[in-house]
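If you want the building blocks of each chain, they are given just below.
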Amino acid sequence: MISGPAIPSFLRAPVPRALVLNGGLVAGPELDAAQVLLLRALGERGYAVSTLVLRELTIAPCRGCFECWVRTPGRCGTRDGAADVARAFIGSDLVAFLTPVTFGGYSSELKKALDRIIGLLSPFFTRVQGEVHHRKRYARYPALVAIGLLPEPCAGEEEIFHALARRNAINMHAPACASRVLYGAAADATAAAAVAAALEEVAVQPVGAA
Amino acid sequence: MSGRALILAGSARARGRSTSESLAGYLGERLTGHGMATTLVRVPRLRRPASLAAFLEELDGAELFVLAAPLYVDALPHLVTRALERIAAHRAGTGRAAGAMLAIVNCGFPEAAHTRVALAICRAFAVRADLEWRGGLGLGGGELIGGRRLEELGWLTRNVTRALELTAAALAAGEPVPPAAVELMARPLVHPRVFTAVADVSWVQRAVRHGALLQLGARPYEPDAAER
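Those protein sequence lines, which keep their order, are chains G and Y. The first sequence begins at 738 in our numbering and counts up one residue at a time. The second sequence begins at 15 in our numbering and counts up one residue at a time.
The shape of chain G in the complex, shown without the other chains (with noise of 0.2 Å):
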């Protein structure tokens, strides 16, 4: 084994941060599996990950009041674990969402959060593919990937699945987006594939890969 001198902090490459928000409406062994799965794929890729298990914080709904844009901007007046989830959220290079895929869209625990950090973006509007969107707030934004589970194919809701994550990656301003369905218990070699491919689709190779 070779020996050096210790490479000084501020030559060393920064680790990459991954978020996982797990948006399970219980524990239970479908979505546990998944997170593993998810949480091994991106250890594999030198990610140091964090999760939050979404349903053991206090999180308030969202009362559309927008203080968090014109009151104490960036930040929501209601003092709860929503700030944790944004301060993590916009720290990461990539965020993961897990959630039971419902009606197509995602858990109310996962929605629970989403809708309490829009005071990440500008309330002023730009127009992005066409469209009017709210601007940056800060200026880099995490990957998104989305996981979904059901527990057995259904074409119509995976469609929408995938439509939602693509918007949310619009309108949060992701560098880069991906989505994958798991079916029932989500631990097999497909489900696995079905991680890796997406972390490689928002372009998170393992470590040492070409």
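Some hints here could point you the wrong way.
[As the list claims (entries may be wrong)] Ranges of calculated distance between the beta carbons of each label pair, as one might list FRET restraints:
1) Y:A103 - G:A743: 51 to 59 Å
2) Y:G188 - G:K873: 41 to 49 Å
3) Y:Q219 - G:P751: 39 to 47 Å
4) Y:A64 - G:V752: 47 to 55 Å
5) G:R777 - Y:G188: 48 to 56 Å
6) G:I907 - Y:A51: 37 to 45 Å
Simulated from the structure, these hints should not be mistaken for lab results. Virtual Cβ for every residue (Gly too), placed ideally from N, Cα, C.
Take the given structure of chain G and dock chain Y to it, following the hints.
The following block gives chain Y in isolation, referenced to the frame of chain G:
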């Protein structure tokens, strides 16, 4: 169709402050005019278990379920999503008599196209809850209504009121939402450039009122550069 319509206004805002309630109220009055008995419930009420139980019981006896909701982050708000989860669980596999469903989604962007995914979610919910899908209406620029009665807004909401009148007539006759109503509702209330200019001025005015003008571009969660 005579019978009962249960209308859920899906905004968390206080009574009389939401566009969803304005739309729900106007449609409800038109349905009443066509002989239907209507009940309007605001979604925050469903956080109370007793209120939710009463709502589910009323839904089981209703011929028509109307959801009027705002768009939050490209989809239905948390409170509405949670209510729909509860409804679907309540109705799953029970063989209850199928009612019908209409959804109206309004958004704060000038283009109604932003509401498409949320309306698709509503339609998927209808399938899961064994409700016959009668159609969806998407409205852009909803903030211009802001809880006021549609009748008071005259020219601004002329297409909205006409769309809701056509919709009420169709629903009362047991028919789906007519394409003309969908098209009228989707027409911008004002030109998108006018909308964004007015809205941007409004953000500044509101920040001034709160003494927050100079903080409008604040980045309170800016990550430490060394951390990233």
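message: Going through the numbered hints above, which ones does this structure break? Give me the numbers in ascending order.
response: none
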